[in-house]
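Chemist: Chain residues, written in single-letter form:
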Amino acid sequence: MRRRGLTAERTGGDSVRKNKDSGAPRRIGGDERKHSSGGILPLVEAFDVLSFLLLFLKTGSFAALGMAVAVPCALGLLYRLMRRRFYADGLLLALTAFLCSLGLLLQFRFDEGRGWNQALSVLLGMGAMAACILFVRFAKRWTLYAPLMMLGGWGLLLLPVLFGHEINGAKGWLTVGPVTFQPSEAVKLAHLCVTAYLLSRRKLVGAGVFSLGCLALLLLQRDLGTALLYYGVTLVMMYVSTGSLALGGIGLAAGAAGAVYGYTAFSHVKRRVAIWRNPWADPSGAGYQIVQSLIAIANGGLFGVGLGLGNASVIPYYYNDFVFSVLLNEFGGLFGLAVLGIYLLIGMRALMIARRADTVFDALLAVGCGVQMCLQTFVIVGGNIKLIPLTGVTLPLLSYGGTSMISSLCVLGLLQGVAARVEYGLERDRRLAGEGGK
Amino acid sequence: MKQIRNNILRLVPLLTALFVLLGVYGGVSLAVNGGRWFSSSANTYVRRLKKTVTEGSVFDRKGTLLAWSEGEKRLYAADEWTRRGLVHVLGDTEGYVANGVESFMSYYLYGFDQPFSEEAVRYLRGEPKRGDDVHLTVDASLSAYIQQRFPKGYRGCAAVMNYLTGEVLALCSFPSFDPAQGAEQAKGAWGQPFFNRALQGLYAPGSTFKIVTLAAALRNLENAMEREWICTGQLTLNDHLITDAGTDLARQVYVRHGTLDLRRAFAVSCNNTFAMTAVEVGDANLKKTAEDFAVGVNFLFPDLVVENSSYPDKNRTEREIAMTGIGQSALQVTPMHMLLIAASIANDGVMMEPTLLQAVVRPGGDTVRKMESRAFRRTVDAETAAVIRRCMREAVVNGTGSGAGVNGLKVCGKTGSAEIDGQKNTNAWFVGFLEEAGAPYAVCVLVEDAGGGGTAAAPVAGDIFRFLTGNP
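Heads up: the protein sequence lines correspond to chains A and B, in order.
With the numbering used here, the residue at position 209 of the first sequence is 209, and numbering never jumps.
Counting the second sequence from 1 gives a position; the numbering used here is that position plus 1000.
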């Protein structure tokens, strides 16, 4: 806690804004910034240039050639913009940029149409991320926002139960006009904010009731993966705010009981578990997806078959639920391990930001965001490699799909918002200290 | 706030553990099962490689060419008996036969083990890629002989291995099909010709399992071989009657062996005695011995995929324990496993790992992999194995297995006649081996729905022993 002594004069959004208006420096020298990306972004850009060029050589697609130029340029611009105008954390930005561009690469490699859609989603998501940063930095009227988000969240989760349609056994999708989306992805954000708010006000029961409501609605949608995610994030946030291992233990026990009940009560859960236990019992039927995923992983081995040379597209939903298997297939197990390391790094960075935060709300929000990213990664990658039964959640930033991409970037936006508050506070402290010294 | 900062710190090991779990599980399962996943017949990637890689050839232990490629076409040995005798070992190119060499060893046949440097040189020279040649431990002429000798019109299988080294010499399943005609034509034919009964078929082992029960008795009962038992021919346990082979219930004629010791009981395959033995040994001890013989153990052999056998665990009444002791109840084993059990008795209680791959040879002629004999597990101690060998010798000299006897050869064995629900005749079994220094071979023969093991299976085994030692 390097900067604990400097936090005394931090007050709130109001004074922050005043300070900015009264001539905060626009340019901030690299050596003054404590948390830069450490030169990671150029590496990310180099990776993008090389990999898209390789894709161009393999397929001859000029879109890939264009992307070899466009992606690094866009990432460079977005990075500068986010750093300078939004006080975002450099390391997090660089890692986000890497995962987003890797996702783009994997989509372009199989289907250009999906590639363009994904590019659009990334751009929209970056905008949403900026909005989230501003929201966290300047929102004050939480007594109004929190109940609104709570009711809105429940309402949104109820909609698919009433009007939704089924994709892969989960009834979590809504169609409005030409757009199909998953409300649970948007409600994730509200869930994080509301839980952090209620827990920071020591309203443990309120937070529990809100989360249980969300869980019940998700189970009605039969979206088990997302329910698991909400459950895990709530449990961790409750533990952090109370420090009570007993509470965590009770929560885990209740979750285990719920899982056992779900297994005995729902036939589709039983089926999933049976497939997980032995997908080879029916390799061309029920177990086909997992079997093909495992085969794709084995084909890749440690070093992968090479970009554009694999045939992981035989896995149903290879482009979203099984994008990690595609990655293991073409880039190999060692690269996959490195990508997992990046998700872990994002989680660790989130914990670091949370520890630097000044308010309980900020700390809880940052923890929630980080844990959610990590847990979601664990649930889907674990499903891909047959560590746990498969549930249909997406791999953040890599999977195809607009809703998922935008919501993942928004979660990172909330985290960046907390980081920006810390960073901006630091900046101002340093400046004040400097002026005092003169 | 300070408390919260500390709590956050405690999440570090939690998150790290999640990812370490992913990485370790992924790495270990790739290392342990990756080869099997890759070689699975469901792997379409391998089949796609055919366009760019010439598949390597397959040879038997004497260097006979079994399968080779000309362009994209796969060709097989000229003799139809040889082709049929090896079809379940080799498998087919379409992947109908599970885990045949053609798919299970595609790692070598398509040259996946060839180093990248060689690949680069070849690419620069513009040479096409050729996979490695695979030399198998099987004997083509023996396989062809078994194919001719096996009773016509029956389902079943026969397997031969060297019990000292674990080398598999023959692995035939019936009915077979001719790969030269294409696997497609055998689809839906009588008796599921694609099914490899020796490795995948789970059967009640019948009286051949008395080898295991005998081992359990030697281990758990005092003076097991000296004691005398009384067979009345009608043993009632839990209101169920246990009788011996040859009993005619309708006419109330019971086969009874009278007073006898375990050696005689084994030789004449007395159900009553072994039922009483199993009950006296007890379920836990019998199960323990069965586990030592690898019942319920996961077979992860590098060269062969063998279905796992299982010991029954439901409804363990005295009668069920007795029925397990004579190889019935819900006991399920593969013929390959029974062969391994008999072979371990021959090899002083050491079960060797069955091997199929003798050598892998690069296109340049370098041998890159050679077979190594490895012990799989110890089943019984050497003295127990010697006692069981004497009993198995007795069964062939003066017992139910006499059909397998060959003049001038020390044949040991055990017959089995397993009752199967919904089947008119019993499944005929024979497992045995030669106790000869120059011919360390073990044999397992199973003829389904054919009657007694002594009449339907033992003579086939006898002829295989004759062929192996060259005195037909």
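Treat the hints as calculated values from the structure; they're not laboratory data.
For clarity, every value in this text was computed on a predicted model and none was experimentally measured.
Yeah, the Cβ is synthetic: ideal placement off N, Cα and C, and Gly gets one too.
Some clues are possibly wrong.
Each pair of labels, with its calculated beta carbon distance range [stated by the list, open to error]:
hint	chain 1	residue 1	chain 2	residue 2	range
1	B	N1298	A	A256	34 to 42 Å
2	B	N1308	A	G76	39 to 47 Å
3	B	G1182	A	P42	38 to 46 Å
4	B	D1079	A	V49	39 to 47 Å
5	B	I1420	A	D111	48 to 56 Å
6	B	N1298	A	L219	34 to 42 Å
Covered by chain B, according to a simulated footprint, are these stretches of chain A (three or more residues, beta-carbon under 8 Å) [to be verified]:
hint	segment
7	40-54
8	330-338
9	347-353
10	368-376
Chemist: All hints, please: hold or fail.
Modeler: Structure-based check of all given hints:
no.: 1; hint: N1298(B) with A256(A): 34 to 42 Å; verdict: violated, 27 Å
no.: 2; hint: N1308(B) with G76(A): 39 to 47 Å; verdict: violated, 57 Å
no.: 3; hint: G1182(B) with P42(A): 38 to 46 Å; verdict: violated, 57 Å
no.: 4; hint: D1079(B) with V49(A): 39 to 47 Å; verdict: violated, 60 Å
no.: 5; hint: I1420(B) with D111(A): 48 to 56 Å; verdict: holds, 53 Å
no.: 6; hint: N1298(B) with L219(A): 34 to 42 Å; verdict: holds, 36 Å
no.: 7; hint: 40-54; verdict: violated (count 0)
no.: 8; hint: 330-338; verdict: holds (count 3)
no.: 9; hint: 347-353; verdict: holds (count 3)
no.: 10; hint: 368-376; verdict: holds (count 4)
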